[in-house]
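One-letter residues, chain by chain:
2 protein chains.
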Amino acid sequence: MKIIIDAMGGDFAPEQPVLGALEALKEYDAEIILVGDETKIREIAEHHQLSMDNERLSIVHTEEFITMEDAPLSVIRQKHGSSMSIGLRMLAEGKGDAFISAGNTGALHAGSSLIVRRIKGIKRSAIASVLPCANPTLLIDSGANIEVDAAQLHQFAVMGSIYMNKQFGVEDPRVGLLNNGTESTKGTKLQLEAYDRLTGDDTINFVGNVEAKQVPYGVCDVLVTDGFTGNILLKSIEGTASYLMKQIKGLYTRNALTKLSALPLKDGIKQLKSSFDASEYGGAPLLGLSKPVIKAHGSSDATAIKNAVRQAIRFINTEIIVEIVLQTVKTPEPVSAETTAAE
Amino acid sequence: MKIIIDAMGGDFAPEQPVLGALEALKEYDAEIILVGDETKIREIAEHHQLSMDNERLSIVHTEEFITMEDAPLSVIRQKHGSSMSIGLRMLAEGKGDAFISAGNTGALHAGSSLIVRRIKGIKRSAIASVLPCANPTLLIDSGANIEVDAAQLHQFAVMGSIYMNKQFGVEDPRVGLLNNGTESTKGTKLQLEAYDRLTGDDTINFVGNVEAKQVPYGVCDVLVTDGFTGNILLKSIEGTASYLMKQIKGLYTRNALTKLSALPLKDGIKQLKSSFDASEYGGAPLLGLSKPVIKAHGSSDATAIKNAVRQAIRFINTEIIVEIVLQTVKTPEPVSAETTAAE
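As given, the protein sequences belong to chains B and A, one line each in that order.
Using the working numbering, read the first sequence as starting at 1 and increasing by one per residue.
Using the working numbering, read the second sequence as starting at 1 and increasing by one per residue.
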């Protein structure tokens, strides 16, 4: 099994992807291919006094990479020599079994749709993020497709259910539709249509509309929405948690007494904080593609990259894509003319 | 000045609205008209050994009221004898200067548009809620109009700016557009068009797109969005804060030591919790109407109702509506044919 890692993607690249790759090599049996600037990659290993001498490790050299500011389509246009573009092509050509990048999300989504290609019958690939909740909840789409139709939401529900079952071992995952109320009459035309479709599909366990305030309590395992609303939900949970944790830290560090008081609570607070840390769950899978692609968080450290490798291995081993293909064949959707890959 | 209060609206009606009205009578100079079941209203006062004998207090009797399950249009159709319907008609007819209800939001929005009427030139009235943030941020629309156009978002920005200036004393309020990224190219057609309109209006202080994760840090004073997205944002902030505070409480109450440790932090935690309590800021104004209507939180207690009375008094005194009328005259919008009142 070969995992391709974009060494140049993310806020702390190439250092953290390289360190994460080296950690993963120690823990897992997989081969790893780092795509990026070979000189820099070797310098990082040297600096940390880590050996690169491992027959399961190889480097594909390129000096070009996608920045956070680059347009999504740059990955197939101006920057086809970038680490992300090369990695995706290697995956498409079967030179690896999964691709991981902490780089530009829009570019990864567009590039993987165009280079790796979607599963036949899947209208849009989506980014699925595990929400920091009482129990892991998969938000699909969490930001890739800002405008979707009800048929696409339906496919997100099916793919999300398969992923939560295979990757997290959730039996008969509960699917919720993010909406502005729990009643079946709530939402715009999009939610009303999606509600009907989801209700009508007995291959999934649809539990109805879910309000945003219920989400942190883990009322469903798969939460279906368009990418615009998904972004707003994900970011507001992250922002509120980060703001509150900062305020609480402020309370503790007020004076000597409060500092002392905080000691017996420290572990619990730390645990709570880490439960709101997306990197605990590895990265966000792009579902609907014909090969596994994982978007690691932009601020991924070595551990997050290592976790993404573990996730990629499980993604491959549990044959999630085979299952999505089988389900898509069972419930075919007409592919509409306006369904383009790059949005 | 006469404030009309829906005695039958909200989760704790009629008790809490009645108690809130009696508290407000003591604190403020205004006259109060309670609309609701007179027998029940008098029973509540008696039960709490409070006198109803005040020349500034009157009761308009009705036994009918709008429930949380009633359809929005029931306020003008099946239930025109309800406390909400009567209260709104009294406001429209000049028998009072402001109306407060903690009842069904959809009914209040539809009813006030149809009975109280919008300001000429305003395409939609909106519900504006103060977000629990580092500093008060007015979210407009927070849930009334689930689908809007860019011209409506523009009017929300103008009305929200006036409200934050007059009601909260914010000089030159910073207006942000809720979006899935800060770049000007982000969002759907709606956000792109709204961005252009807001940039082009030099009567407001537009600071650009705002991501959901920035919101709790108070990066703007007025946050403009459609009612669907506004609902998702508001509810996810509330849900995340409530979930986290519960978790933290769980840490404290784990054992005797943690309980003891929590003592020096207690006040701070309490304060933090109350900063996420919407009732601190009174209710949510419906902006765009020709008279002041305030939606108090469904779970309003007497204090929240009293605060809503204070807010209504300030709403009237600061002539917010006059200012909105003046601004609307300055920048007229063609009223499109499909603009109907009741959504």
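Just to be clear, a hint being listed does not mean it is correct.
It does not matter which identical chain is used: a pair holds within one copy or between any two.
Straight-line distance between alpha carbons at most 16 Å, and here's what the computed EDC-like set of lysine to aspartate or glutamate pairs gives [unchecked claim]: (1) K2 <-> E55; (2) K120 <-> E147; (3) K266 <-> E69; (4) K213 <-> E238; (5) K40 <-> E15; (6) K186 <-> D97; (7) K189 <-> E147.
Hints listed in this document are in silico derivations from the structure and should not be mistaken for laboratory results.
On a predicted model such as this, the values are computed, not experimentally measured, just so you know.
Do the hints match the structure? See the list:
no.	hint	result
1	K2 <-> E55	within (12 Å within a copy, 83 Å between copies)
2	K120 <-> E147	neither (21 Å within a copy, 33 Å between copies)
3	K266 <-> E69	neither (38 Å within a copy, 45 Å between copies)
4	K213 <-> E238	both (14 Å within a copy, 6 Å between copies)
5	K40 <-> E15	within (9 Å within a copy, 70 Å between copies)
6	K186 <-> D97	neither (42 Å within a copy, 33 Å between copies)
7	K189 <-> E147	both (13 Å within a copy, 10 Å between copies)
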